[in-house]
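Protein chains in written order, with numbering that gives the first Met the number 0: chain U, 0 to 299; chain Z, 0 to 299; chain E, 0 to 299.
Keep in mind that the hints were calculated from the coordinates and are not lab data.
Just so you know, same-sequence chains aren't split out, so a pair can sit in one copy or run between any two.
Within a straight-line C-alpha distance of at most 30 Å, the following computed BS3-like cross-link-like pairs (lysine-lysine) qualify:
1. Lys58 x Lys81
2. Lys265 x Lys187
3. Lys265 x Lys81
4. Lys86 x Lys285
5. Lys222 x Lys257
6. Lys285 x Lys257
7. Lys222 x Lys168
8. Lys81 x Lys123
9. Lys86 x Lys187
10. Lys257 x Lys187
11. Lys257 x Lys123
12. Lys187 x Lys222
13. Lys285 x Lys123
14. Lys81 x Lys222
Note that the structure is predicted; figures quoted are calculated from it, not measured.
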Amino acid sequence: MALMVKMRSPAHSWARRLVAAVRCTEWATGGKVSARRFGSQRQLVMVEPSPTAGVAVLKLKNPPVNSLSLEFLTELNINLEKLENDKTFRGIIITSDCPRIFSAGLDLKELCGKNPAHYTEYYKALQNLWLRLYLSNLVLISAINGSCIAAGCLISLACDYRILADNPKYVIGMNETRLGLVAPFWFKDNLVNTIGHRASERALQLGLLFPPAEALQVGIVDKVVPEDQVQSTALSVMAQWLAVQDHARHLTKNMMRKSTADLLVKQRDADIQNFISFLSRDSIQKSLQMYLAKLTQNKG
Amino acid sequence: MALMVKMRSPAHSWARRLVAAVRCTEWATGGKVSARRFGSQRQLVMVEPSPTAGVAVLKLKNPPVNSLSLEFLTELNINLEKLENDKTFRGIIITSDCPRIFSAGLDLKELCGKNPAHYTEYYKALQNLWLRLYLSNLVLISAINGSCIAAGCLISLACDYRILADNPKYVIGMNETRLGLVAPFWFKDNLVNTIGHRASERALQLGLLFPPAEALQVGIVDKVVPEDQVQSTALSVMAQWLAVQDHARHLTKNMMRKSTADLLVKQRDADIQNFISFLSRDSIQKSLQMYLAKLTQNKG
Amino acid sequence: MALMVKMRSPAHSWARRLVAAVRCTEWATGGKVSARRFGSQRQLVMVEPSPTAGVAVLKLKNPPVNSLSLEFLTELNINLEKLENDKTFRGIIITSDCPRIFSAGLDLKELCGKNPAHYTEYYKALQNLWLRLYLSNLVLISAINGSCIAAGCLISLACDYRILADNPKYVIGMNETRLGLVAPFWFKDNLVNTIGHRASERALQLGLLFPPAEALQVGIVDKVVPEDQVQSTALSVMAQWLAVQDHARHLTKNMMRKSTADLLVKQRDADIQNFISFLSRDSIQKSLQMYLAKLTQNKG
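Bound conformation, chain U alone (with noise of 0.2 Å):
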């Protein structure tokens, strides 16, 4: 969901950005993903110990908009299950190793032209990674150094906390609509939790991207700080975050969102059957190969 449908002029330049990037760069991997999926010589999760004691650094290492292939997902997955068993760790900060962009969400080469098998891997491995962040019993802080869209913002959300750069180029939110595309409700579910309902409504169906200011007065980020400072207070935050007993915070945590996690759990296959039927119209496969053929054409 990372990239315009039907979106003639985008009119944000990250939008601009990443539709540059994608046609100088992502297709030259194109067919190779899936053959290289579990020897992949790139390594698309870096984890860095930090200053803190017991906090690690996760960092999205996708380039050029770190986009959600199935790959990366599945990279994702097993770098948190890592840490999340590894008891030396209380907390991690999610970052991007990418310039100005902190994911540009899923990625649509994942959501076209495939068979449902597929569909169904890619989905599960999304459905995964939100169960995973979402009820970690880790600390987790998103020091957010770009513009975080989509899926990518729902990474954010499943977060304890959000910083976001005060740099009015980068905005965060759930655009989906605008590509003609349904968040899933458990999207809807964590958005709802974090800025509440009437927010949530509009900032959905007209998929609003929020700047800094806006996106600190919504509450979809938590704190907006410099640039240069987004890891120092992630670090300070997450200070305060292990301040408290682990076992505690996490029996709290979970007092908090179970409920919401159990909606998925309880209706995985229902949302993965759901998820394949809108995928496969034909009107969507269309959209999704006009804009894919559009940029290979564009490379050519």
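Got chain U sorted already, so can you dock chains Z and E onto it with the hints?
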């Protein structure tokens, strides 16, 4: 629920105007209403084209205060159904043709001294109106050019966006408790989805009517503009909503609202019984009859 | 949950005062509490008339910090039940008779080294208190003239309106996680209904205690006034609430709150078992015992 019961000196100027207006005008139409319900020469709802293609302007025209008589509710439902099914329309701006009042809410004469069959028909029409508005596939924008009370407020809350004229004499809210009445639970649900639980708790119990600045702050309207800019603002906001593809937008709207609407759909009959039972209490009927008798007497 | 466990240097002055106060005073009453439960010569709850007809002032008087002992909870329940059933009363202002503290929350001595039957009795009294307050037909206003912590905060949240004295040393919030404890789900539900999901998530996990300006901003109180105006403001706010007919107001209140209260009512026993099971963990008992031993030693 439009009129004051047991309130000896209405504090708000809208209420004074309303009482005066009712005394002068409304009773003149009294007994004839039901007879010409479907053959009315009065046109209570005016549907006009707007400068924007695909957008209709629906004007409420039941002077003096747009109180929601059965005839008026019926015409509203018919007109809205027609617009919903007419593929040339994508959005409706709902506004008032009566000066200084958007709608004063339910017509108390429909609630007093009638039989249960009448109450049932009336209340069903109200349920239908709300369900139709709340789940409409069209973009609905309220251009609130006057006070907007009780069930009149409900009409606005069921829209996608609310613009209120910046006139300190205009107020918006659900004041049922001020009349000794209780708003139905779906009024409450729609309000909670708009301004949150805590603000609703206070507003509904106290029967608060918010002037423009407070209305904006609590979030019961989305925008306050000078009175002569209400219609033009409605058109420009409409353009923003129409920039989104209809299909994705209304699937998203449905995802946001269906569970709330279903709470009513699943217990429509029980809700009707509850309403009739409340309305049939001696104390409630006595209040209404005393109030109406006083109005008649004053007219004499 | 009133006292600090494992927190070596309490940051808040209320906590330092609290620890000091407990050391000096509270233990003196220790073993005798249960013996004179129903024959107490101390009066822990004072009910006084107010200048407004129909309004009682209920003063919490369990010095030094109004910690909620079983005796105190029982007296509260008895007094509230009496007021609820006395038709001369329409509203209660709840305030503290102890300087600088509204209530420090649960009495940890009730949670430590006792048997399951005692825990059950204690926790049931707490459940009863909340249900009684949250669904009261009376107008309840909290005149919060001191720090208001954990279950003390719950008492305020269950009221209809909260006025906090503007003293930067006073804080309000639910700090259970700071003691290694977890607030019951109905504390959480009441908080979410008051300040929303996102703010509750952060406040509960971090165990935040808000000073007046922050408390007002997050919405955990409705008004902050100079300390010497807390009582007079409570009376004028009460007048506003009493301007509404009782019957319509409490039907509306019930409509807003019943579904939340029912979540507890429907699983009271499971909630009790969950509480006892958590409390009986070695790690929790050890924390409490170490803390209490330390207090006793310091007294020696």
